[in-house]
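Student: Protein chains in written order, with full-length UniProt numbering: chain A, 1 to 551; chain B, 1 to 275.
These are computed hints drawn from the structure, not numbers from a lab. Since we're looking at a predicted model, the values are computed, not measured. Each hint should be verified, as a subset may be incorrect.
[Stated by the list, open to error] Covered, in the sense of this in silico footprint (three residues per stretch, anywhere, with C-beta under 8 angstroms from a C-beta of chain A), are these stretches of chain B: (1) 61-73; (2) 182-196; (3) 232-245.
[Unchecked claim] Away from chain A, derived, C-beta distances all over 10 angstroms, residues of chain B: (4) R43; (5) Q51; (6) D205; (7) L275.
[What the hints assert, rightly or not] To list a few chain A residues with every Cβ distance to chain B over 12 angstroms, as calculated: (8) S48; (9) E488; (10) N489.
We treat Cβ as the ideally placed atom computed from N, Cα and C, and that holds for glycine.
Okay, here's what each chain looks like letter by letter:
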Amino acid sequence: ERAHGPYQPREPGYGLHQPGHSPYDDQIPDPESRMLAIQNAKAYLLKSSTTSGLNLYDHLANMLTKILDEQPTNAVDIIENISKDVKWAQFQKKMDTLRDEHEILPTFEAAEKRKALFLKANGEGDEELEEEIGETPLPNVMETAFYFEQAGVGLSKDESYHIFLALKKLISVQPIQTCRFWGKILGLEMNYIIAEVQYHEGEEEEETEEEEVIEEGGKRRGEVEDEDEEKEKEDEPPKSTYKPPPVIPKEENGTGANKYVYFVCNEPGKPWVKLPPVTPAQIVCARKIKKFFTGRLDAPVVSFPPFPGNEANYLRAQIARISAGTHISPIGFYQFAEEEGDEEEEGGGGRDTYEENPDFQPLSVVEMVDSLSTWVHHIQNILKQGRCVWLNPFQKSEEEEEDEDEEEKAEEPDELQQEIGPPLLTPLSEDEGIQNIPAWTAQPSTNLIPQYAVAILQSNRWPGAYAFASGRKFDNIYFGWGHKYSPENHTPALPPPVQAEYPSVPEITETRDPTLEEELAFKAAKEEALAAAEEEDDEEDVEDDEEEDDD
Amino acid sequence: MEAALLPAALELAAGGGAGLSPEKRAVLGASLLLLQRDYRFERVWFWGCIQGVRGAYYIAEGLGPDRAAPRSRLYSLNCVEWSLLPPATEEMVAQAEQLKGRFQGDPSFEYEHIEINAEDAERLFEDGKEPTIKEEARLVATIEQIDRAVGIIPRGAFVKTPLGSVHENRSFEGLSLTEAKKLSSYFHFTEPFNLKNKTLLEKADLDPSTDFLDSLEHDIPQGSWTVQLEKGDTVVVLRSLLWLGLTFYHVPMTKQYGYVYFGTGEKNFDLPFML
Numbered sequence: 001e002r003a004h005g006p007y008q009p010r011e012p013g014y015g016l017h018q019p020g021h022s023p024y025d026d027q028i029p030d031p032e033s034r035m036l037a038i039q040n041a042k043a044y045l046l047k048s049s050t051t052s053g054l055n056l057y058d059h060l061a062n063m064l065t066k067i068l069d070e071q072p073t074n075a076v077d078i079i080e081n082i083s084k085d086v087k088w089a090q091f092q093k094k095m096d097t098l099r100d101e102h103e104i105l106p107t108f109e110a111a112e113k114r115k116a117l118f119l120k121a122n123g124e125g126d127e128e129l130e131e132e133i134g135e136t137p138l139p140n141v142m143e144t145a146f147y148f149e150q151a152g153v154g155l156s157k158d159e160s161y162h163i164f165l166a167l168k169k170l171i172s173v174q175p176i177q178t179c180r181f182w183g184k185i186l187g188l189e190m191n192y193i194i195a196e197v198q199y200h201e202g203e204e205e206e207e208t209e210e211e212e213v214i215e216e217g218g219k220r221r222g223e224v225e226d227e228d229e230e231k232e233k234e235d236e237p238p239k240s241t242y243k244p245p246p247v248i249p250k251e252e253n254g255t256g257a258n259k260y261v262y263f264v265c266n267e268p269g270k271p272w273v274k275l276p277p278v279t280p281a282q283i284v285c286a287r288k289i290k291k292f293f294t295g296r297l298d299a300p301v302v303s304f305p306p307f308p309g310n311e312a313n314y315l316r317a318q319i320a321r322i323s324a325g326t327h328i329s330p331i332g333f334y335q336f337a338e339e340e341g342d343e344e345e346e347g348g349g350g351r352d353t354y355e356e357n358p359d360f361q362p363l364s365v366v367e368m369v370d371s372l373s374t375w376v377h378h379i380q381n382i383l384k385q386g387r388c389v390w391l392n393p394f395q396k397s398e399e400e401e402e403d404e405d406e407e408e409k410a411e412e413p414d415e416l417q418q419e420i421g422p423p424l425l426t427p428l429s430e431d432e433g434i435q436n437i438p439a440w441t442a443q444p445s446t447n448l449i450p451q452y453a454v455a456i457l458q459s460n461r462w463p464g465a466y467a468f469a470s471g472r473k474f475d476n477i478y479f480g481w482g483h484k485y486s487p488e489n490h491t492p493a494l495p496p497p498v499q500a501e502y503p504s505v506p507e508i509t510e511t512r513d514p515t516l517e518e519e520l521a522f523k524a525a526k527e528e529a530l531a532a533a534e535e536e537d538d539e540e541d542v543e544d545d546e547e548e549d550d551d
Numbered sequence: 001m002e003a004a005l006l007p008a009a010l011e012l013a014a015g016g017g018a019g020l021s022p023e024k025r026a027v028l029g030a031s032l033l034l035l036q037r038d039y040r041f042e043r044v045w046f047w048g049c050i051q052g053v054r055g056a057y058y059i060a061e062g063l064g065p066d067r068a069a070p071r072s073r074l075y076s077l078n079c080v081e082w083s084l085l086p087p088a089t090e091e092m093v094a095q096a097e098q099l100k101g102r103f104q105g106d107p108s109f110e111y112e113h114i115e116i117n118a119e120d121a122e123r124l125f126e127d128g129k130e131p132t133i134k135e136e137a138r139l140v141a142t143i144e145q146i147d148r149a150v151g152i153i154p155r156g157a158f159v160k161t162p163l164g165s166v167h168e169n170r171s172f173e174g175l176s177l178t179e180a181k182k183l184s185s186y187f188h189f190t191e192p193f194n195l196k197n198k199t200l201l202e203k204a205d206l207d208p209s210t211d212f213l214d215s216l217e218h219d220i221p222q223g224s225w226t227v228q229l230e231k232g233d234t235v236v237v238l239r240s241l242l243w244l245g246l247t248f249y250h251v252p253m254t255k256q257y258g259y260v261y262f263g264t265g266e267k268n269f270d271l272p273f274m275l
């Protein structure tokens, strides 16, 4: 508003007064349309939103304040996100009487469990400390992890250390003579950490309870069958001639496939669970199916052929197969125990015990990598039957064990011929490959520093099984999903052929229905016979009557 | 996984037992940086390692300004010298799908006896050559297949600009713990197939800047991903069951995520039987 006229250039005050910019403008009620427009705009900006209660004016002010405080680079590109963040921050009331309960995240509980691993058990005195420093079955997990790390195999150091402590806890709870970290098997919901353990001699808990339960179940079934038979004595349907194949008994604890006992846990910090010993039926079935592990030991294994057991049994069977197929050691580390009279009976094989060789001379890494005959299997092979030592289920008398053949060789004929597998301590060069791939891939851990390289072997049959050797140290480990490698796709077993029905025997064969002509002929013949019979009857009656009359 | 974060990332993805030796880790730190310089990549990702029978291939990917553009792939046998791989073509992928068995470990190895359709056969036989495919081509095709099928990112990690190019989202603060356990919070980082098939109702909820990819929810077969919390529930690890060896990790409420492949490079065709 031109309160003071237009000033001419030569008058004082020229240039000082601009329309609408004089220092007194805000005190002067301003009807000019531009100011009105500005005020309207501001009023619009100050209008609160009906949905959120914010107004744009304050929001823009907050946003600009935040930008000027933080001064991010390229603010114009992320302006929308900044706007969203400011709005989000509005809704967090800092001074509210109602406070959010502290969220108990599941991570906190897990952290508690892991922390518990690191606490020393109460009541440890000096005596126990001495015991610990002496001979302990606890394996040096970190050292093994170091060697495997040279190959690029292994868990993170954190996890390895947690496993170390978890094994220590296991040893303090169970009477264990030797213990080893076997490996980790991945599952769908949870993973398994597996420890291979041998009990002190004589301290093993015998599983008599399970056997008794099975026997009782068998007796009850027998009684029920008897009752049924009594009811149906009159008209019995033909008896089935099906005899189920005999159940092959599992190997004793401490021998063959059950030589070691396995403990599993899902995560270090969780309690260790013992896996039941494996039966040959489970191994035979496990060879035919391929299923992922879920991570829960009591989960059922739904498959065909139906697996006799739950996931704990399947896990144990796979562990047994992996151990038998991939546990190896440098040649000469183990030797057969000296026993007298063996050579006469068995011809130098079939031993199932070995001991460490005190005169072991380690070979150089180059030799260990170049030739596979410098490594041997030290776990007994599992035969097709599912046991390490062949047992003829039809013979009741116990026979002596004899030599065993490779299970991968030609199938045995139906008549139960003795199965033989490779003897213990066979070198790896005898391992068959798959198609044109050798069974093992050998590499040194590094080509740049050969003096300190470690010999690493990877199994191609069981992907995930590794072994290393360096001087006198060696170990085996498994990290994987627990399945064998097969270049062909897995084909599930076909269902067995339909069972033959009961045999055709004259008593139950239906006779042919008579045709119409036969029926008519039969009817005619019958009528004739009837008529003939009536005549005779009549004659007899007449004769009788006559006889009676005579009297 | 980002080359710059390699050491930390390897620790987080090591739950499956596969990783790199200290020697490889050390050399990758330097050689991946040099790759970035030589090829002028904006980002370099260490893709993983395919184990062959006689050797292993280490793979790296380089990304340009548009992160969703086809990536350049390089391979190395020793992590020191890298060679650029040719881009993957549909023909290569189709041929490689027929090959079975392990990689040999030698890039010039030739596979024989592959079947191709009649037209191609005529063309080739005119030249007088038998159809063969080199291991290098198989490698390219396998990496392409794996990326297409199971290369994943968390939702919100990348944004699409109105011009169509894709960038990292600088405001991405990580998924929350509950979100991280759901398969719908992860996307395939490749051309989307199913977006158009969603119902209008679903599309209305999508945010076009972040939801421009397929999520993992509708992957076939269902259950082909395992979601686990590791390291005391602090890291979410997704493992693919279709391509065994692909591991994706993410620390909730932080910006750390990535995927890496350590495996034999074979598709798990037995998956439906195994679930």
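Student: It remains to establish, for every hint, whether it holds in the given structure.
Tutor: Here is what the structure says about each hint:
1. 61-73: This one is violated; 0 residues, fewer than the three required, reach chain A with a Cβ under 8 angstroms.
2. 182-196: With 0 residues close enough to chain A, the hint is violated.
3. 232-245: holds (count 6)
4. R43: The assertion about R43 (chain B) holds, with a minimum of 17 angstroms to chain A.
5. Q51: The claim breaks: Q51 (chain B) does not keep its Cβ more than 10 angstroms from every Cβ of chain A (closest is about 8 angstroms).
6. D205: The assertion about D205 (chain B) holds, with a minimum of 16 angstroms to chain A.
7. L275: violated, 6 angstroms
8. S48: holds, 26 angstroms
9. E488: violated, 8 angstroms
10. N489: The claim breaks: N489 (chain A) does not keep its Cβ more than 12 angstroms from every Cβ of chain B (closest is about 5 angstroms).
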